[in-house]
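With chain A's structure known, arrange chains B and C on it following the hints.
Residue numbers (our numbering), protein chains in the order written: chain A, 4 to 339; chain B, 8 to 286; chain C, 561 to 817.
Bear in mind the hints are in silico, worked out from the structure with no lab data behind them.
Keep in mind that this is a model prediction, so the values were computed, not measured.
Don't take each hint at face value.
Some, not all, of what chain C presents toward chain B, calculated at C-beta under 7 Å [claimed, not checked]: (1) Thr562; (2) Trp565; (3) Leu569; (4) Ala576; (5) Val578; (6) Val623; (7) Val626; (8) Ile775; (9) Ile777; (10) Ala791.
Glycine included, every Cβ here is placed at the ideal spot set by N, Cα and C.
These are the residues of each chain, in order.
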Amino acid sequence: MQDIAKRFAATAAVEDVNLSVERGEFLALLGPSGSGKTTLLRLIAGLEAADAGHIRIDGRDMDGVPARARHVGLVFQHYALFRHMTVAANIAFGLRVRPRATRPTKAEIAARVERLLDLIQLPGYGGRYPDQLSGGQRQRVALARALAIEPRVLLLDEPFGALDAQVRKDLRRWLRGLHDRVHLTTILVTHDQAEALELADRVAVMNAGRVEQVGTPAEVWDAPANAFVHGFLGDSLRVACMIAEGIARFTDLPADPVPAALPDGAAVAVIRPHEIALRAEGAGRVHAVSLAGPLAHVEVAIGARMVEITLPPGAVPPRVGAACGLDLARARFYRA
Amino acid sequence: MTAGVQGGVGLRAPGWERWLAIGLALLVLLVLLVLPLALVFAEALSRGWAGVASALADPDAQSAIRLTLLVAAITVPVNTLGGLAAAWCIARFRFPGRGLLLTIIELPLTISPVISGLVWVLLFGRNGWFGPALGRADIQIVFALPGLVLATLFVTFPFVLRAILPLMQAQGSAEEQAAITLGAPAWRVFLHVTLPNIRFALLQGVLLCNARAMGEFGAVAVVSGRIRGLTNTMPLHIEATYNDYQAQAAFAVAALLALLALVTLAARAGLEWGTRRER
Amino acid sequence: MTLAWVGLLVVLPLAALVARPWELGMHGVVASLTQPRVLAALRLSFGMALGAAALNLVLGGLVAWVLVRTRFPGRRLADALVDLPFALPTAVSGIALTTLYAPNGWLGGLAAPFGLSIAYARPGIFIALLFVGLPYMVRAIQPVLHDLPGDVEEAASTLGATHWQIVTRVILPAIAPAAVVGFAMAFARAVGEYGSVIFIAGNMPNRTEIAPLLIVIRLEQLDYAGAAALALAMLALSFLILAALNLLQRRLRRHLA
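Looking at chain A on its own, in the form it has when it is part of the complex (with noise of 0.2 Å):
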C-alpha cells in the first residue's frame, strides 16, 4: 500500500499511509476508534474507493478493481451473515457466485464446506441457520465463509468486538493456532491492545488517520515511538517536564528530576503504574491499596493528582495514609 489518502467529506479518513503486509503475515492495525484503521480496511476489501495512492495485492494494482473481484475475505464485526441461508448455504455462498466457468462443482463444494466445518470446529453445524448459532459460533462460520474462496488477503474488522470476554479469549487462541496452521495473510483491525500484541506479527499503531508506528510486539511495547503509542499500549502516566541540560524537572507533579536522553526543552514523560516505584517519603499520601492477586495497586494522592501504582510481586503495600513519594526514573521522554 502506498500514500494512501481517503478523505469523507471535509475530515480526512485516512492520511499517507504507507504499510506493507508479507505473504503469511498477521498484521494488527491498532487504534483507537476514529483512527482510520476499519476504512483502510475497507480501501483494501475495494468497498471504498481511495481519494489518492495504490493499493496492491501480489503486485497486481487494485485500482478501479471491484470488491467482488479482489479475492479479499472479510469478516464484519457483526457477522454479516445470511440469515436467510443455512450455515453450509452462507460458507458456500462464494463458490456458487461465480460464473459456470470457474465454480467449483456440486461435489467439490459440498467437500469444501465440510472442510471448513471442521476446521471451524462445527462438523454437522452445516444444515442450522444463523439464529440458532451462539455469537463466537456465527463469528467462526463468517471466518469460514471469508476462507471459503480461498482469499489471497484475510481482513478481520473487530471480529471479537461482540462477544463476550471468555469467548474472545477462546476465540483470539484458536485464531493464532489457525493462523499458525494455514499461513494467510491477515489483517486484523482492534482497538483492544492485548489482542493486537496477542495474535499479530507485527502491530500498526494507527491515529488520526496516520499510522504512528510499525513493529513487532515486542518493539511497540519495549520502545514506544511516540507518546501516542505508548499511552495507548496499556494505562499510564502522563506528566509534562522541562529538560535542560539532560535532566527532566516534572512540572506538574512533585517528584524528583531524573536524567533525560532529550534536547533542552518541554517533553512530555510516560511510565507504566509497574514502572513506578513507591518510595518512603515525600509530597504525597497513599489514598487506597487493593489487592489484585498476588499484584498490589496503590492509589498516590500527589500535588492535584491521583495516580496509580502497581507494586511488584512480594512487595509490601504501604498504610492507608503515610506519607510517600514517586520516582520516575524509568519513565520515557517524548518532545511535547
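For chains B and C alone, coordinates are given in the frame of chain A:
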C-alpha cells in the same frame, strides 16, 4: 472509522442503474398517483373558480357536506374512545380471547366496504332481522342517518386502535404502575401518564379515522338509499352528479375531499417524527 | 365497555352475515352462487385482485427500494405521496382514474389510437386495483429493506457476488416474507374494492361486473339472502387465500427470528 457498519446504506448500485430505478419508480408514482390527483383539481377548475363556487353552493352539495361533517362528528369520537379503551385492555391485561378480540377488531380492514354496509341492511333493512320491528316503531335506521353512522363506525373501527396499540405495548406499564404506587387515581394516571405518551400516535389514528369517515363510499352507498339532499354524503353526491354527466360539479366536491386527503397526509408526515420520538 | 363496543359494532353485524344465507337452504345457496353471472363476477374480482397484487410486488418493491436506498430531491414528498390511496376517498379516485383513462382522457387518449380501451374495460379495473394496493406493498417492504444491514450486501460483494446476484440471492430472500404480507394486504383490499372500481369498470354483466357490485345489485332487488350468500362466499374465498399466504409467510420467516 465507521464503528458500526451494520445498518449502513449498503452497496451503491452503479450510477445508471440507480437513476433508471429512480426514474421508473417516479414514473410509477406519477402515472398511478400524481396524475389522478392533478386531474381532480384540473377538472374541478375547468370552469374556473366560479364553477367551483356554484357547484359547492348547490343545495344538494351543501346538504351532502353537512351530512358528511355530521357523520364524522359522531363516528370519530366514538371510535376514538372505543379504540383507546380496547388498546388499553389489550396492552395492559392478559385475558382469554385476547388474540381473538384483536382479530375481530382488525376484521373490518379486510372486509369489502360493500359487505360492511350489507351487514347493517341485513340487521335493520326492510327484510332485516330487526327491520319489521323497527318499522312498526317507526324508527328508520337504514336509508337514514343512523345507518350511515353505523356503517361508517364499522369501517373506521380499527384505525385508532391500530395506531396506538404498538406504542402502548412497547412502552409497557412501568410508568403507569409507578404513578399508581405514588397514589394517583386511575383516571389521572390515564390522563397524565398514558395519554401524553401516545398523543402523536393517537392523533395520527384520529386523522386516518376521520379521513376514512368522510371519504367512505362503498359501505355508505349500501345503507344510504341515495336520497338526494337527504342521505347523500359527499362521496355519494360525487357519484350522483358524475353519473348525471355533471363532471365538473362532481370534481369540485371531489377536490374538496382530495384537499382533505392531502392535509391528512401532510399532518401525518408531520406527526411521524413525533411518533418516532415517543418510541 | 370494550366488549360492548366490539360486540355491537362488529360481532352482531357479522353474525347476521353468517346466519342470513341459510334461509335459502343449502340448495338455494349453491344455486344462487353457481349462476354464470355470479361465477363470472367472482372470477373477475379474484383474478384481477391477484393479478394487481402480483404486479404490485414488482412496482411496490421498486418504489420501496428507491425510497430506502437512494437519495434524490423530492424523495420525502414521494414517500408521503405513497399513502395517497389510503387517504383519498375511493369515489374521488374512482372518477379521477376513469376520466384519466377514458378514451378522451390524458392517458386514455394515448392508448385510444391503438384501439386500446382502458376505462370501461378490464384494463381499467386492473389499474384501479393497482392504485389501491400500491401503498400496502410499499409500506410492507420498506421497513424490512431499511433494517436489512448494509454489511450483508458488502459481505456478498467481497465474496464475489455481482450486483444482480446480491439482489436475487441476498436481498430478495430477506424481504420475501414482508412481500408476502404486502401481497396479502394488497389482495384483500383489492378484492373487495368498490368505489375506485365501479366508475371505471363499465359494469357489464359477465364481462366487467365485479362481485361487490353484484352484492349491491342483489340488495337493491331486496334479495337479502342472495346478497349475504355472495358476501359470505367472497369472505370465505378471501379467507382461504389469506390463510394460505399466511402459511407461506410463516414458512419463509421460520428462520428469521
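Taking the hints in turn, this is what the structure says about them:
1. The restraint placing threonine 562 of chain C at the interface with chain B holds, with a minimum CB-CB distance near 5 Å, inside the 7 Å limit.
2. Given the 7 Å rule on beta carbons, the hint for tryptophan 565 of chain C holds: about 4 Å separates it from the nearest Cβ of chain B.
3. Given hint, leucine 569 of chain C at the interface with chain B, holds; its Cβ is 5 Å from that chain's nearest Cβ, closer than 7 Å.
4. The interface hint given for alanine 576 of chain C is met, as the beta carbon of that residue sits about 4 Å from the closest beta carbon of chain B, less than 7 Å.
5. Annotation: valine 578 of chain C was flagged as interfacial toward chain B, and the flag is violated, the nearest CB pair being 10 Å apart, outside 7 Å.
6. Residue-level restraint check for valine 623 of chain C holds (minimum Cβ-Cβ distance to chain B is 5 Å; threshold 7 Å).
7. With 7 Å as the threshold, the beta carbon of valine 626 of chain C comes within range of chain B, its nearest partner Cβ sitting at about 4 Å, so the hint holds.
8. Taking 7 Å as the C-beta contact cut-off toward chain B, the hint placing isoleucine 775 of chain C at the interface holds, the least distance being around 5 Å.
9. Residue-level restraint check for isoleucine 777 of chain C is violated (minimum Cβ-Cβ distance to chain B is 10 Å; threshold 7 Å).
10. Nearest Cβ of chain B to the Cβ of alanine 791 of chain C: about 5 Å, under the 7 Å cut. The hint holds.
The structure does not agree with the numbered hints 5 and 9 stated previously, though it agrees with the rest.
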